Amino acid sequence: MMKKKSIYASRASLVLILCQVISALDVPLDSKLLEELLQPPTITQQSPKDYIVDPRENIVIQCEAKGKPPPSFSWTRNGTHFDIDKDAQVTMKPNSGTLVVNIMNGGKAEAYEGVYQCTARNERGAAISNNIVIRPSRSPLWTKEKLEPNQVREGDSLVLHCRPPVGLPPPIIFWMDNAFQRLPQSERVSQGLNGDLYFSNVQPEDTREDYICYARFNHTQTIQQKQPISVKVFSMDSLNDTIAANLSDTDIYGAKPVTERPPVLLTPTGSTSTKVELRGNVLLLECIAAGLPTPVIRWIKEGGELPANRTFFENFKKTLKIIDVSEADSGNYKCIARNTLGSAHHVISVTVKAAPYWITAPRNLVLSPGEHGTLICRANGNPKPNISWLANGVPIAIAPEDPSRKVDGDTIIFSHVQERSSAVYQCNASNEYGYLLANAFVNVLAEPPRILTPVNKLYQVIADSPALLDCAYFGSPKPEIEWFKGVKGSILRGNEYVFHDNGTLEIPVAQKDSAGTYTCVARNELGKTQNEVQLEVKDPTMIIKQPEYQVIQRYGQVSFECIIKHDSTLLPTIIWLKDNDELPDDERFLVGKDNLTIMNVTDKDDGTYTCIVNTTLDSVSASAVLTVVAAPPTPAIIYARPNPPFDLELTGQLERSIELSWIPGDENNSPIISFVIEYEDGLHEPGVWHYQTEVPGSQTTVQLKLSPYVNYSFRVIAVNEIGRSQPSEPSEQYLTKSANPDENPSNVQGIGSEPDNLVITWESLKGFQSNGPGLQYKVSWRQKDVDDEWTSVIVANVSKYIVSGTPTFVPYEIKVQALNDLGYAPEPSEVIGHSGEDLPMVAPGNVQVYVINSTLAKVHWDPVPLKTVRGHLQGYKVYYWKVQSLSRRSRRHVEKKILTFRGNKTFGMLPGLEPYSSYKLNVRVVNGKGEGPASPDKVFKTPEGVPSSPSFLKITNPTLDSLTLEWGSPTHPNGVLTSYVLKFQPINNTHELGPLVEIRIPANESSLILKNLNYSTRYKFYINAQTSVGSGSQITEEAVTIMDEAMASRQVDIATQGWFIGLMCAVALLILILLIVCFIRRNKGGKYPVKEKEDAHADPEIQPMKEDDGTFGEYRSLESDAEDHKPLKKGSRTPSDRTVKKEDSDDSLVDYGEGVNGQFNEDGSFIGQYSGKKEKEPAEGNESSEAPSPVNAMNSFV
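Take the sequence shown: its position 643, counting from 1, is numbered 642 in numbering that gives the first Met the number 0, and each next residue is one higher.
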């Protein structure tokens, strides 16, 4: 086999370490071998370091070990030898180091408290256990105390203290009542981590006399009970009654009602506190607050996020629980208690320390005399642990000297070891939070070769498939393995065999002549041994008559054949499937020796039928489709898929090409369009067929390109317009010779997963791309622009390699080269990768904010130095939030918004700001690992803007000449209001607008009485608010002053005159003629003059009012109306709020005229009533509600 070298530019000690990795022996897990080999002791079982025992039961301190010869055991107690024979209460189990302290026969557990350590020793060394601290559990009684009743006022907070006795281990606390029912807990009432019961505010229902705290000691299965605590809650009503009963009538009495209070933290106290937790433990932080209403607790981590998937909230969110904490969880955690009256907060500074934990624990080392090796012990912790070594339980500094041993910090280097170098070494890694102790032995063995594979083991394989012949072995030094075939055969060599490091012989393509006896010989300098195995090569199982596609009429009979050929020494079994499932349990299905028959075929029998042939060594299958039809086929030409080609022949065999020829099958009335050639690689993927090429249907030979080290078989499929034929029978096999790889792995990448590593990945070559046995990869890297020499390592057929100890985020040149037993692939191209990213170190500086207008600001910052980004710069994030509105001076819940700017941008726009508000922002740089620290918060303020429209405009109290206007301040003032601007103008009977009057009103006013208005006149009002920037949008409303009764009487008097009666008759006749004309023109689709006028006057939209009868209105006496002040039907008098219900006219003059509902007096005079809809003004943001009102028509006639 070819030697493969790795280029390492490193110190001599590193070379020595690599040598030991190559030289160290692996001891096979063979039970017989393990029983015979000498081996230093190994601790297999021991009690936990902190061992709390039940004082009522015997103490069992475990210590089990294995070794050859079996080890003896001894113990130390509190650092001195523990003589077991002198203590009648202590015995050691036979063939074991486990101690049993007899407590149940008079011993006292307290007498055996202490630190114990076990030593297991034989002639090859001594292993030691951890220091086992024995402590009996304790469950002391509660100290007696006088408990005063708790009298508390309703709404106040209360804490009931538990103060359990100090036990070992600490007890579990819970609160119950006299009936042994757990006390209900809620956001208002809950138990703290210290066992106390906290009431955020007490309620009358909290009054009871049986608040009992229980402590459960699990080790001793005992429960201790505290004396019941009494709580009496005085409600305000009962307290007032009590005070009143004891005071005279002249006394002033009365307790204050329940007062709501903002939150105050009950625990922890103060504004800050600290907590230290160990890595891997559960972090529990607690905040319980008093207040009324009951406060709600929220948790945040300052400058970061709570870890996902490891964060849980308990006790109604009063307890924050983070499992499996690490150093990254250190930081400031803030709890915020909030109710409707305010909030309180507390910051807990958490520091995560770490007891020692393994990075590389020392591993047992088996060496041959004269070899080299290392023991490596690497641990981490916070603070960093101290590493110390012991040899056979004795500090290595005072242990017997060994010239083959050299201690170098966390590494012991062995060179030219001898059998006397065997020993057990202990590595101790310790800091103030704990320690780790590991035993690892160095076992120097001189053993002649042994072959562990059974003698004359029989191997059976199918021809043309791989054969693997085992030769498991052991020896020290490591034996060399050779294979022979036959009794007097020569040593096996050549490309047709693969020799594996574990002694296995692989025959990639076993042929019939490969069968026979093979001999494995193992030899080293201490001796030689051999073993024979037998190989039998069987003929493959084949289906020589496959089931064929069938079309059968319903209720007919169909049969599928499956005739096989197999090795005579193998017993085949045939299984039939339908649609890849078992055949239906139906007597119509008859399975014969080599066929399947279906009687009385139905539509449900339609599907794919598969014949599977299994032997103990191989399996083959073939399928055919059954189509069930209703009617017999018509006597037309039957078009079908072609029959498969046959008689495949290989000629012109070369190393990289071969010629394949075949004879086409029957076309079945549809010409063959093309032939598809597929190949099978029997060496790497037996049974899997791959597409090779496709040729026209007129061609029956093809020159095929081949790859090295592939055992080819070919088959051909014919294709016509109906479909594809069944594949042909496979051609004979052709094994190409091995060669160097032609190509290197693709998609090579270097991306760090941690700040101190570089993960190199690639897409492995497929089996046939290896071009030969022993596919491996040479992975090379060097730091770009820093290293001149490449560092390389050769790895097995994997797709990833991790380089540790790299600087954070630096570029590396990387290349991956394939190689096999014949040599290397061409020199690969280099790619650039980067070691792992870390969070950015600094925040952007010189953050400046330029306010562009009241809703837009521009933020600038200086880019951070690229070296401090420590990763791929993805961009910058701007966090900004509104602090308060400057007009209302009120704070609100802070809702942070985030804008991300990709790339190396140094500015960005902040849209959607609220005018006249105070904002804060900070900027953070972002890389692939996450966000860096935030820049200092920058405060900026937005200028005033124009306000929104007043929230409402309401007109009330109409009189003959006055109206009262009321309005609401704008919902969004967007600044300091300077004034309101009121505009109004009259509207005449033709809905034309009169002159506009403008009034400026101080900003602190919200109502106005307008006087000296015209009676019975409609007015339209516009009002808007102003800031120093300008006017906001306006809101509109309409209203009408009421009618004078004297004028109404004058109308009645005029209406009784004869000339007026005649005039009204003429007007009525004119209206009747107009109505007829309008109906005629309406039917013709014409445009009426009234409509034209309405279109020209677009400001008011006329909304007619529907009459009861759908015609001109009703006849009533206007005089009687004036006398009785009765309202006219259908809105003849406007309600006080100036609004009426909008209704549609059915079909009357109002549809065509000016919105008139005509009414006639008893003398025939016309009394007009206007019903108007609010006018639309596109420039205004709000419009008034409709306010129709009757107006005396006489104003137009007199």
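Derived from the structure by calculation, the hints contain no laboratory data.
From a predicted model like this one, the values you see are computed outputs, not experimental measurements.
One thing to keep in mind: the hints can contain errors.
To be verified - Each computed DSSO-like pair below joins lysine-lysine, with the alpha-carbon atoms no more than 27 Å apart:
no., residue 1, residue 2
1, K953, K982
2, K352, K333
3, K940, K904
4, K895, K300
5, K592, K544
6, K919, K896
7, K320, K333
8, K896, K857
Each hint tested on the structure:
no. : hint           : verdict
1   : K953 with K982 : holds (14 Å)
2   : K352 with K333 : holds (20 Å)
3   : K940 with K904 : holds (24 Å)
4   : K895 with K300 : holds (15 Å)
5   : K592 with K544 : holds (13 Å)
6   : K919 with K896 : holds (11 Å)
7   : K320 with K333 : holds (13 Å)
8   : K896 with K857 : holds (15 Å)
The earlier numbered hints are all upheld by this structure, with none contradicted.
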